[in-house]
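Protein chains in written order, with our numbering: chain A, 55 to 534; chain B, 44 to 480.
Check the hints yourself; a few may be wrong.
The list that follows gives simulated cross-link-like pairs (lysine-lysine, PhoX-like), each with its CA atoms no further than 20 Å apart [to be verified]:
id, chain 1, residue 1, chain 2, residue 2
1, A, Lys389, B, Lys358
2, A, Lys389, B, Lys346
3, B, Lys433, B, Lys342
4, A, Lys526, B, Lys342
5, B, Lys203, B, Lys346
6, A, Lys441, B, Lys358
7, A, Lys389, A, Lys526
8, A, Lys389, B, Lys342
9, A, Lys441, A, Lys152
10, B, Lys173, B, Lys203
Just so you know, the hints here were simulated from the structure itself, not pulled from any lab data.
Predicted model, so just to flag it, every value in this text is computed and none were measured.
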Amino acid sequence: MPVLCVVSLFAGLPLLAAPLPSARSVLDRYIAATGGASAWNSKRTERDDIEGRSLDGNHVLLRATVAMTREGNSHSEIRVPEEAREGVYNGIAWAWTKLSGPRIKRGPDRDEAIHSAHMLEEGDWRRLYPQSRVDGIEKVGGSFCYKLRLLPSAEQKTEWFDVATGLLARRDSVTLSSNGAIPVSYTVESWKVHDGLKQPDAMLASRGDLKYRLRVLSLTYNELRDPEDIRYPAQVEGYLDAERAGKALPNAEEIIERHIFESGGISAWERLKSQRVTGTLEFITRNIQARTEASASGGGRFYQVIDIPGLGRQEEGSDGHVSWERSPALGARAKPRRNLTGLGMTLDAAEVIGWRYLVGEVRTEARETIDGHDCYRVLVRGRDASKQAVRWYDRKTGLLYRTSVSYPTDMGEVPAVLTYQAWRTVDGLKWPVQIQMRVSGQEMLFTADEVSLNSSIDDSVFELPEEIRSLKTAEAESNQ
Amino acid sequence: MRERRSIFYFVVVLLTTFSFVTDAGAQLTPKQSADALESFEVVWRTVRDRHPDPKLNGLNWQAIHDSTRPLIAKSSSMDEVRGVLTGMLAKLSASHYAIIPADVYKPVDMNNSRAGTASPGITPVVIDGKAVVGSVDPESPAARAGIRPGMVLESIDGAKVESTLKLAGELKDNEARRLVQRSVARSLNGPAGQPLRLDVADPSGAVKHLELERAEPRGKLVTFGNLPEQRLVFESRRLPSGAGYIRFNEFLDPVSLMPEFEAALKAFADAPGIILDLRGNPGGIGVMAMGIAGFFVDKPGLKLGEMKMRETTLKFVIFPRAETYGGRLAILVDEGSASTTEILAQGLQDLQRARVFGTRTAGAALPSDIVRLPDGDGFQYAQASYTSNKGRVLEGNGVTPDVEVRQTQGALLDGHDLVIEAAENWIVQPNAGAVRR
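Take these sequences, add in the hints, and give me the full structure.
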């Protein structure tokens with residue numbers, strides 16, 4: 055099963071023991087049914103082009119080229135869903151993404167990569183999975199199959215072999231990630247012979263909730279002449295050099311994910327459906343204290359007001375369709391809705407946990423001390439590379455300590471530095487309740503006095519003001 | 044927490060605000076050598092950190108520090124200290140850096156020391172180096188005492204006005220000169236009920252000594268942050284020509300001022316034109332210029348100008364109101380019109396939306412700030428540069444009216460406001476030139 059062993063994204067391996075046939079007889083029968091031991095053993099290297107498409111065939115979800123050796127080295131070049139490379143070289147499991155650069159896999163992540171790096175692993179089952187056992191007989195796609203557990207296997211690899219044909223019908227495994235254990239499954243739909251070896255050609259695949267169809271576009275054996283061809287790239291080499299010199303910094307992706315974990319974890323963020331925060335905004339040295347109130351709910355609905363003595367109530371909101379603002383100085387107006395940027399402009403759950411889909415690149419730039427806090431400095435570039443933010447994450451707490459970013463306003467880009475000085479746990483999430491701000495040289499301090507998450511917020515809070523409704527009506531009439 | 048986005052927006056508002064409200068007002072401190080050195084360090088650091096150009100026009104500022112400090116240390120007088128500091132600032136080749144001698148603050152400090160909101164009801168204007176009564180509030184103590192526009196204020200509580208104005212004339216910096224001139228107006232104010240002694244020259248040149256009460260002046264007391272309480276006066280009326288006339292004395296308190304402004308415009312919807320009298324208006328909250336402009340411009344995407352700060356460039360964008368006024372707009376200005384007033388007047392002039400009447404404005408449109416130094420002197424510095432929509436630099440230049448009209452003492456005495464009359468004439472002319480919205 056060449057392809058499935060490849061990319062750790064799609065890794066899987068099983069095991070089992072059973073009262074029925076032995077694992078040995080099931081696996082040896084499979085080897086015989088697909089070309090025989092000599093065909094399996096003659097393959098030293100493998101190179102595949104694979105493609106995953108949505109079940110309706112309209113969307114490419116995965117496109118990659120994978121190279122592997124019998125010795126357990128591998129190199130996957132992934133073009134979709136993101137530009138990335140990963141592999142194993144002489145026991146070092148590595149990854150490089152355009153998003154976050156190089157990293158070395160550790161712990162279960164490394165184990166999984168190494169276990170997944172073997173080509174034609176069923177052919178080596180005696181070496182890799184000597185404790186495998188058949189657990190029983192189950193139906194897969196209408197056919198009776200032997201359920202075989204590949205052991206030992208941290209990924210709980212299970213395979214089903216057709217009782218009638220001896221061919222592999224399905225493989226399940228569990229991938230460990232920062233999101234938790236993700237079930238991965240492949241069901242073989244068709245076969246193709248390559249250089250005397252019969253291998254799955256099309257598979258129905260699932261990874262968590264994602265379902266797609268995986269096809270082998272091309273497969274060649276024994277074409278890799280130089281094992282160095284699948285050595286890790288220069289970026290990983292550089293990282294390893296820095297690590298040997300004691301100067302390596304953690305991958306930015308890991309730093310950001312740790313913040314998400316420390317602030318409550320993905321599931322807590324996913325539960326975040328509404329937020330209401332009240333507090334005070336003090337304009338330091340200006341002798342101004344403004345009361346603030348902000349509410350946000352699903353569908354991009356929000357309302358906020360900052361009541362500045364001498365300037366009045368500055369309101370902004372959106373009903374999910376129309377964004378607007380109103381102030382005594384400028385009046386009321388509808389305005390274009392701004393999209394999430396991933397640069398840390400909001401504490402919208404989609405922006406926090408979906409950051410990968412919003413930014414173009416993250417890099418750990420340095421370790422430095424800020425206000426006595428030992429921090430990692432992380433550069434975050436937007437999809438529009440001209441937009442960027444710099445963040446400092448506290449090494450001790452894992453939480454974001456400071457962000458430096460330019461915020462778009464109607465008057466232009468406004469540079470701002472936010473320092474998160476205090477957090478409060480509310481409904482399972484750590485929420486910043488004291489933020490020091492420096493905006494174009496002006497110092498401010500935001501202090502929240504009430505934070506309410508996931509409470510019911512009346513829909514009327516997000517309704518458009520009458521002035522805005524009139525403006526939109528007039529606009530629609532003038533466009534007719 | 045989406046409110047952050049707006050917070051930044053309002054900071055922009057503040058940045059364009061306080062910098063325009065620059066009157067300093069601390070006590071004069073003794074001149075000591077240590078204070079002078081400390082003052083030098085404050086000046087040097089402030090320029091380093093706040094000058095709009097971080098490269099300081101290519102100057103080696105550290106080297107300038109190292110060569111200047113010894114000169115300050117061995118200065119034997121404050122004049123010498125000021126000379127050294129002024130020489131250092133001159134190397135910036137920028138207009139809005141000045142050391143204001145502590146003496147200049149004396150009138151201002153005296154005013155502050157007896158600060159009060161009561162007034163005799165006189166608005167002075169400077170004409171030909173004289174403090175001329177520009178207007179007199181009806182029913183005010185000044186009106187009851189027979190003071191009329193066109194009379195000349197010779198002395199206020201025994202202090203000769205001429206000497207203060209002479210000092211203003213000698214100052215090279217517009218902003219410092221404006222401060223001194225404003226001090227004349229402020230010296231008329233004081234606690235309610237406190238008598239005011241005035242020497243006033245009548246049309247014949249005869250000086251009359253008058254003693255009158257100060258009374259609560261017109262207008263609403265407003266404040267903003269550290270700004271001392273101000274009297275906000277708004278007035279609007281229909282002129283005999285049919286034009287609408289609107290005047291307010293500060294760009295403050297949008298909560299009350301903007302609805303009044305909007306209501307006045309609605310009342311003048313059928314008027315052939317609007318006269319917006321911003322003479323003597325020193326500015327205030329910068330964003331209000333954008334808000335006022337939105338009542339007269341119906342095309343979105345236009346701007347009054349740009350403020351370039353060290354960190355960013357901010358546009359003074361015009362957001363058209365739901366209902367805009369499409370008739371002619373005349374803006375009246377004079378030497379006392381500054382900052383936000385200049386931004387509004389120049390911006391609408393550039394867009395050919397308004398015609399400007401009067402005299403050249405103060406040329407103090409930078410978000411500059413004035414701080415008091417440890418040695419008692421004042422230090423004015425710019426935080427940004429400002430250019431209008433057409434790239435005009437207002438700083439040091441001011442707004443040049445389309446129609447220059449100088450008020451004269453004679454016209455005031457005859458009960459005429461030449462500037463209003465010129466604007467009215469333009470508004471009622473059938474072919475005076477179109478305005479763009």
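- [ ] Assess, step by step, whether the Cα of Lys433(B) is no farther than 20 Å from the Cα of Lys342(B), and give holds or violated.
- [x] holds (17 Å)
Open item on the list: For Lys526(A) and Lys342(B), compute the direct alpha-carbon distance and say whether it is at most 20 Å.
Closed with: holds (16 Å)
TODO: Take the C-alpha atoms of Lys389(A) and Lys346(B), compute the straight-line distance between them, and say whether it is at most 20 Å.
DONE: holds (16 Å)
Task: Satisfaction of hint between Lys358(B) and Lys441(A), Cα-Cα up to 20 Å - done: holds (19 Å)
TODO: Mind checking the alpha carbons of Lys389(A) and Lys526(A) for me, to see if they're no more than 20 Å apart?
DONE: holds (10 Å)
TODO: Would you mind confirming whether the straight-line C-alpha gap from Lys389(A) to Lys358(B) stays at or under 20 Å?
DONE: holds (16 Å)
Open item on the list: Hint check: Lys441(A) vs Lys152(A), CA-CA at most 20 Å. Holds or violated?
Closed with: holds (17 Å)
Open item on the list: Lys389(A) and Lys342(B) were given as a pair; does the straight-line alpha-carbon distance stay at or below 20 Å?
Closed with: Distance of about 15 Å is within 20 Å: holds.
Open item on the list: Would the hint linking Lys203(B) and Lys346(B) be met if the CA-CA limit is 20 Å?
Closed with: This hinted pair is violated, its Cα atoms lying about 45 Å apart.
Open item on the list: For a C-alpha distance cap of 20 Å, please report whether Lys173(B) and Lys203(B) respect it.
Closed with: At roughly 11 Å apart (the allowed maximum being 20 Å), Lys203(B) and Lys173(B) satisfy the hint.
The structure does not agree with numbered hint 5 stated previously, though it agrees with all others.
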